[in-house]
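Number of protein chains: 2
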Amino acid sequence: MRLSEYFLPVLRENPSEAQIASHRLMLRAGMIRQSSAGIYCWLPLGLRVLKNIERIVREEQDRAGAQEILMPTIQPAELWRESGRYDDYGKEMLRIRDRHDREMLYGPTNEEQVTEIVRASIKSYRDLPKLLYHIQWKFRDEVRPRFGVMRGREFLMKDAYSLDLDAAGAKRSYNKMFAAYLRTFVRMGLKAIPMRADPGPIGGDLSHEFIILADAGESDVFFDRRWQEIDIPLIEVDYQDDLEPIFQRWTASYAATDEKHNPASCPIPETELISARGLEVGHIFYFGDKYSRPMQALVSRPDGAPVPLQMGSYGIGVSRLPGALIEANHDENGIIWPESVAPFRAGLINLRASDMRCRAAADDLYGKLRNAGIEVLYDDRDESPGAKFATMDLIGLPEQIVVGPRGLAAGTVEVKNRRSGVREDMTTDAALSRLSAA
Amino acid sequence: MRLSEYFLPVLRENPSEAQIASHRLMLRAGMIRQSSAGIYCWLPLGLRVLKNIERIVREEQDRAGAQEILMPTIQPAELWRESGRYDDYGKEMLRIRDRHDREMLYGPTNEEQVTEIVRASIKSYRDLPKLLYHIQWKFRDEVRPRFGVMRGREFLMKDAYSLDLDAAGAKRSYNKMFAAYLRTFVRMGLKAIPMRADPGPIGGDLSHEFIILADAGESDVFFDRRWQEIDIPLIEVDYQDDLEPIFQRWTASYAATDEKHNPASCPIPETELISARGLEVGHIFYFGDKYSRPMQALVSRPDGAPVPLQMGSYGIGVSRLPGALIEANHDENGIIWPESVAPFRAGLINLRASDMRCRAAADDLYGKLRNAGIEVLYDDRDESPGAKFATMDLIGLPEQIVVGPRGLAAGTVEVKNRRSGVREDMTTDAALSRLSAA
Chain A
577 MRLSEYFLPV
587 LRENPSEAQI
597 ASHRLMLRAG
607 MIRQSSAGIY
617 CWLPLGLRVL
627 KNIERIVREE
637 QDRAGAQEIL
647 MPTIQPAELW
657 RESGRYDDYG
667 KEMLRIRDRH
677 DREMLYGPTN
687 EEQVTEIVRA
697 SIKSYRDLPK
707 LLYHIQWKFR
717 DEVRPRFGVM
727 RGREFLMKDA
737 YSLDLDAAGA
747 KRSYNKMFAA
757 YLRTFVRMGL
767 KAIPMRADPG
777 PIGGDLSHEF
787 IILADAGESD
797 VFFDRRWQEI
807 DIPLIEVDYQ
817 DDLEPIFQRW
827 TASYAATDEK
837 HNPASCPIPE
847 TELISARGLE
857 VGHIFYFGDK
867 YSRPMQALVS
877 RPDGAPVPLQ
887 MGSYGIGVSR
897 LPGALIEANH
907 DENGIIWPES
917 VAPFRAGLIN
927 LRASDMRCRA
937 AADDLYGKLR
947 NAGIEVLYDD
957 RDESPGAKFA
967 TMDLIGLPEQ
977 IVVGPRGLAA
987 GTVEVKNRRS
997 GVREDMTTDA
1007 ALSRLSAA
Chain B
577 MRLSEYFLPV
587 LRENPSEAQI
597 ASHRLMLRAG
607 MIRQSSAGIY
617 CWLPLGLRVL
627 KNIERIVREE
637 QDRAGAQEIL
647 MPTIQPAELW
657 RESGRYDDYG
667 KEMLRIRDRH
677 DREMLYGPTN
687 EEQVTEIVRA
697 SIKSYRDLPK
707 LLYHIQWKFR
717 DEVRPRFGVM
727 RGREFLMKDA
737 YSLDLDAAGA
747 KRSYNKMFAA
757 YLRTFVRMGL
767 KAIPMRADPG
777 PIGGDLSHEF
787 IILADAGESD
797 VFFDRRWQEI
807 DIPLIEVDYQ
817 DDLEPIFQRW
827 TASYAATDEK
837 HNPASCPIPE
847 TELISARGLE
857 VGHIFYFGDK
867 YSRPMQALVS
877 RPDGAPVPLQ
887 MGSYGIGVSR
897 LPGALIEANH
907 DENGIIWPES
917 VAPFRAGLIN
927 LRASDMRCRA
937 AADDLYGKLR
947 NAGIEVLYDD
957 RDESPGAKFA
967 TMDLIGLPEQ
977 IVVGPRGLAA
987 GTVEVKNRRS
997 GVREDMTTDA
1007 ALSRLSAA
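Residue numbers (my numbering), protein chains in the order written: chain A, 577 to 1014; chain B, 577 to 1014.
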């Protein structure tokens, strides 16, 4: 993509409304624009990141055997009356009356809707287990939306739902999603620690939040100091296997959120305990028959007896993740994208757009990069080198390739790694193979 | 995907609420399930089709140089007051008050929102032209939603917006989208005729609808009988070229919607005119400064003078297309998917799941098909052959491969083309290469 044609409205000044780095940088880098409080438009650069995140989430859900569906944003109130949550939910639920004065709502989550779908079509133990997920916009009418996409009102969430015959099956499904979440966040370059958590309005008694440590986090978390040394690898998972060992391995060291942590009953001594700010990127729940019983989602057991489905739900805050990723990956000059979610693999800078030789060389390299299947943002504008470097550092593409008159004379381009800051002169062929290798 | 594990709740009976074939077949084939009037859940099979359609739409938008953004579903009322449409829109607009009693709405379209985005960031003729698009859920509170996804209340639309300095530039953008739409629908196997249309509440004076002829269509259309013989090919388009010849070529024969057709001024004699029912799948508009003027979206010309942006908008009814495609592609046994949008390329039927040899052969072929990258739905259930054939015909995958004891003895499988109905016995290798070739 040529920057001269790209819609990338970067801001020179720090927007005054942004209190944290990720919000500030997403606005400055032209990733998002506020529509109203807590509601954002995703501009081209931001949407590319969001789509990369969504793709990783989807791939790992599919790998775990979850099947994708898509439920609507607007739900009928009567569904939520069946579960009893219509009155419970309070003002965070965006309530709507349609033209016929029917009560509707903008779904903040989908337990009721998915239960309605399966109670009509899943009747027998033979149809189980099932894992269904969707990636859809939700709405929670936060009283004070802030921190940009990290605590928005309209937000994109992946929510999965497991359907099992009994508690043992439900735990197997829980473990599948637990393992899938470990993989999902590692693939984004995030260290997300699974912590015992309070299920809140979703219900149930087994629940984990996947938490990134960050000063901008919304809650206090408590964990074994060993977590500081633990590096979560990209584990290979065979989803046909018993995954309980994986669950045990990654919950062996203590970690809990504020609501769940009780100093009096904490299993590790205070000297081993660390407290920090945490940012939730995923939350998983096992809640048994909390919805299936009142909503009469029954299946017949092998002996013919009808029993309510055993269910769990599993959320990932997709539109919050670009913010979380920036909180974990930035410096004073801007964003530093991990490669797996970067909007482009590299930026190409023509240092002197008015110089015919520079332009020909940069155009040529741009063509070669594209032919090699490398996504590249090409700054072909007639701007000062300083402005070009600042923009590239701000938007945080993993590698920058600089074509300038001095290098051209020597037959080289300069390649700068955004994260390390290391610059190297190399031939265009060497630059091409470095980028192709990744 | 193994059917024994797939969430495919097919219905044996015709649902009484469905009046037209596509609605009936989408419910019966387990593609969708109604949540409330005019609002649907997309189940796995239906979502695969929707995603294929979305992918084709996206590829053709990208090819035409449009850049993808994503605007929110919930918009502030004040934006629509600026354009004057907040009061104009009537009861089709779903109006909402949030917890702070601020007036909001569920976007039925996005002209105001996109104008707000660009007025803040596009200031100069140097930033033009631009084409921005998004694929997002919309809501129109139809008084009588019906025909399933064809006339739903919550629906997925691709809407693009062109931004130009002057009328000539705006017509170039209009032509780009016109050409992209020709390609988009041809790739789905649809003959969508561009017809002069009334711009309605969007405004402007140049507008075309892309219309499929179908008895279930919502409007009367009028066109030159020559359109019956015209086959729209997949035209090669160089979007850098002048596309006016393409526009002229494909509007040369008369075609107009009811609102635009005037018998008194029709340019062709009545004997050459055909009237039929039409189903809108796309609608494009040029409306100049209708939004940019009241909303003050101004750019400076080369001479420095500020002028309002010249704009157009371009919609495709993404979630309506599965219905439109089925209206154009079905028989008494079910759906017949065009290959480009089919949820799976092929179905594999094990005729006798209880027979060890049949199961081994079918499992083996399933593995080979998957290794060849062919998307296949494998009916491994222990059901009668009749039930399996009926399900496969109902869901309409382009090819069916049948593994049975008789064929196995002869070293063959049966391959049936769903559209032609032609059955052929062939070796598994021949079946594999037939499917790989496509």
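Derived by calculation from the structure, the hints in this document are not laboratory data.
Since we're looking at a predicted model, the values are computed, not measured.
Treat the hints with caution; some may be incorrect.
Note: identical chains are not told apart, hence a pair may lie in one copy or across any two.
[Claimed, not checked] Mimicking DSSO-like on lysine-lysine, the simulated pairs with C-alpha atoms at most 30 Å apart in a straight line are:
(1) Lys627 / Lys706
(2) Lys992 / Lys836
(3) Lys747 / Lys667
(4) Lys836 / Lys699
(5) Lys699 / Lys627
(6) Lys944 / Lys767
(7) Lys706 / Lys767
(8) Lys667 / Lys706
(9) Lys706 / Lys944
(10) Lys767 / Lys747
(11) Lys667 / Lys699
(12) Lys767 / Lys667
(13) Lys627 / Lys992
At most 30 Å between C-alpha atoms: does Lys667 with Lys699 qualify within a copy, between copies, both, or neither? Answer is neither; intra-copy 35 Å and inter-copy 40 Å both fail.
Up to 30 Å between alpha-carbons, please classify Lys627 paired with Lys992: within, between, both or neither. within (26 Å within a copy, 38 Å between copies)
For Lys836 and Lys699, with the copy left unspecified, which applies at a CA distance of at most 30 Å: within, between, both, or neither? neither (36 Å within a copy, 52 Å between copies)
Have a look at Lys767 and Lys747 and pick one of within, between, both or neither, based on CA distance no larger than 30 Å. within (24 Å within a copy, 51 Å between copies)
State whether the alpha carbon distance between Lys706 and Lys944 is at most 30 Å within one copy, between copies, both, or neither. between (46 Å within a copy, 25 Å between copies)
Up to 30 Å CA-CA - Lys667 versus Lys767, copy category: neither (33 Å within a copy, 48 Å between copies)
Homomeric proximity label, Lys747 with Lys667: Cα distance no greater than 30 Å: neither (33 Å within a copy, 47 Å between copies)
Is it within, between, both, or neither for Lys944 and Lys767, if the alpha carbons may be no more than 30 Å apart? Neither: 35 Å inside a copy, 38 Å across copies.
First find the shortest C-alpha distance between Lys992 and Lys836 inside one copy, then the shortest across copies, and answer within, between, both or neither for a cut-off of 30 Å. neither (45 Å within a copy, 59 Å between copies)
If the cut is 30 Å between Cα atoms, do Lys627 and Lys706 qualify within a copy, between copies, both or neither? Answer is both: 26 Å inside a copy and 21 Å across each meet the 30 Å cutoff.
Identical-chain pair category, Lys706 with Lys767, by Cα at 30 Å: Only inside one copy: Lys706 and Lys767 sit 29 Å apart there, 39 Å across copies, limit 30 Å.
I want to check one pair: Lys699 and Lys627. Are their C-alpha atoms no more than 30 Å apart within a copy, between two copies, both, or neither? between (36 Å within a copy, 28 Å between copies)
Hints 2, 3, 4, 6, 8, 11 and 12 from the list above are not met by this structure, while the remaining hints are.
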